[in-house]
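**Student:** The primary structure of each chain is shown beneath.
Protein chains: 2
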Amino acid sequence: MESIRVLVVEDHHVVRQGLVALLNVVDGLEVVGEAADGVEAIAQIRKHQPDVTLIDLRLPRLSGVEVIQRIRMENPPSRFIVLTTYDGDEDIYRALQAGARAYLLKGMTTEELIATIRTVHAGKSHIPPAIAQRLAERMGTEELTPRESDVLEQIVHGKSNKEIATELDISEATVKTHINSLLGKLGVTDRTQAATAAIQRGLVTLESLRKPKQ
Amino acid sequence: MESIRVLVVEDHHVVRQGLVALLNVVDGLEVVGEAADGVEAIAQIRKHQPDVTLIDLRLPRLSGVEVIQRIRMENPPSRFIVLTTYDGDEDIYRALQAGARAYLLKGMTTEELIATIRTVHAGKSHIPPAIAQRLAERMGTEELTPRESDVLEQIVHGKSNKEIATELDISEATVKTHINSLLGKLGVTDRTQAATAAIQRGLVTLESLRKPKQ
DNA sequence: TCCTGAGTCGATCAAAAGGTGGAGAGTGCG
DNA sequence: CGCACTCTCCACCTTTTGATCGACTCAGGA
Chain A
226 MESIRVLVVE
236 DHHVVRQGLV
246 ALLNVVDGLE
256 VVGEAADGVE
266 AIAQIRKHQP
276 DVTLIDLRLP
286 RLSGVEVIQR
296 IRMENPPSRF
306 IVLTTYDGDE
316 DIYRALQAGA
326 RAYLLKGMTT
336 EELIATIRTV
346 HAGKSHIPPA
356 IAQRLAERMG
366 TEELTPRESD
376 VLEQIVHGKS
386 NKEIATELDI
396 SEATVKTHIN
406 SLLGKLGVTD
416 RTQAATAAIQ
426 RGLVTLESLR
436 KPKQ
Chain B
226 MESIRVLVVE
236 DHHVVRQGLV
246 ALLNVVDGLE
256 VVGEAADGVE
266 AIAQIRKHQP
276 DVTLIDLRLP
286 RLSGVEVIQR
296 IRMENPPSRF
306 IVLTTYDGDE
316 DIYRALQAGA
326 RAYLLKGMTT
336 EELIATIRTV
346 HAGKSHIPPA
356 IAQRLAERMG
366 TEELTPRESD
376 VLEQIVHGKS
386 NKEIATELDI
396 SEATVKTHIN
406 SLLGKLGVTD
416 RTQAATAAIQ
426 RGLVTLESLR
436 KPKQ
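Chains as they are written, first to last, in the numbering used here: chain A, 226 to 439; chain B, 226 to 439.
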């Protein structure tokens, strides 16, 4: 019988090694390649045409979501299992939208990992109940408009309404309008809750907090 | 020549396997044990008396910092290398205070890992420049009092001053006093900045945001 | 004992934030 | 074209927040 051909995409060296080491001793699985960033991942997928790709979402150069989107456009049969430590809901959401078939946390057991690879290879999906639930909750919520997202980002960065107005080159009244709207959509009552909700959901990355620009 | 005896403490299965697999092929290193949580870690350290312990800070049952503290009290020669994906500054700070000799990010290369193990085994310390810098910045900042920390936690949870007063059973005036004080200590100007700063520095965990209590 | 730091509270005031309603301009779509 | 949506802005109002005084208690250390 044919082995399932697996590609591992993960930037953390130690984790990647761990995955490869784990998978290589399993019968019926074969690791055909590794990649440490998004660009490399695309090259490897094109080259090896793996049955299943294990992919981290946080990757240098090109995010996991982008990799999935690009590959899905050119080669439908490729299947993705998203692997992450634990970020926000937003990433999960986008990855599944992009066409990932499964989502695994890095705390999983070896058995879960292997079972999921087999499930996905068989053409089925696998979403942990805890994640499925949060995803369902998210479904009911409205999307923020681009401008509202801009404002939210500024809020997370600790800007006052006046500062946001200056930054985005609009009036303070408009800032208030957007805030009022986004508070409602996020289901919160003030900017502090909006900020923590945004961080929690992965709408804004924690890294971006450290650096003032980009 | 004798091998350096290493213990690996890490709850994420995949990462632990990766570390063990990496270390076992290195000459002069020997992995004498593994542990997946803090309690197990203490048992293993007592049993195997490793030269160097690689330890994650986020562990079930007993945190990495607590493990280091307890072991340091009973057996001075044990040496610790803290390993983490990337949390806040606060954890790094406490781990180093507790007696850790080095701090490594999971994105490190195999070479860095091995070199650090050798360095630490030789009795020296190894702190990456980026972390050393942030640590230095932190030194200048004042510590929050226990009560201020309570208030900050409530702020991060999106509570208003009135709600905080009720929650902590003090008057709103007192809440304001504490907030005024902690804003100064954190070097920020409003509660939203305080909230993001707290999350960033690891003063409050993101997990605690999801669950209302505990 | 005196002093310090922490915690508590009050009053007052200015600034910021949030809530509501309305309203015009632009875009894209059926 | 008409409709929906977004973005923009204004006015008015209430509530919240933050800043700055001062003051009392309590515990612990010099």
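Just so you know, not all the hints are guaranteed correct.
Heads up, the list lumps identical chains together, so a pair's fine if it works in one copy or across two of them.
Said to hold, decoys possible - Pairs of lysine-lysine residues, derived as DSSO-like cross-links and limited to a Cα-Cα distance of at most 27 Å, are as follows:
#	residue 1	residue 2
1	Lys401	Lys387
2	Lys401	Lys349
3	Lys410	Lys387
4	Lys401	Lys272
5	Lys387	Lys272
6	Lys272	Lys349
Hints were generated in silico from the structure; no laboratory data involved.
**Student:** With reference to the structure, classify each hint as holding or not holding.
**Tutor:** We went through each hint and held it up to the structure:
1. Lys401 x Lys387: both (10 Å within a copy, 23 Å between copies)
2. Lys401 x Lys349: Result: close neither inside a copy nor across copies, 46 Å intra and 55 Å inter.
3. Lys410 x Lys387: Classified as both; 22 Å inside a copy, 24 Å across copies.
4. Lys401 x Lys272: Neither: 51 Å inside a chain and 61 Å across chains, both beyond 27 Å.
5. Lys387 x Lys272: neither (52 Å within a copy, 61 Å between copies)
6. Lys272 x Lys349: within (24 Å within a copy, 45 Å between copies)
The structure fails hints 2, 4, 5 (numbered hints given earlier, in ascending order).
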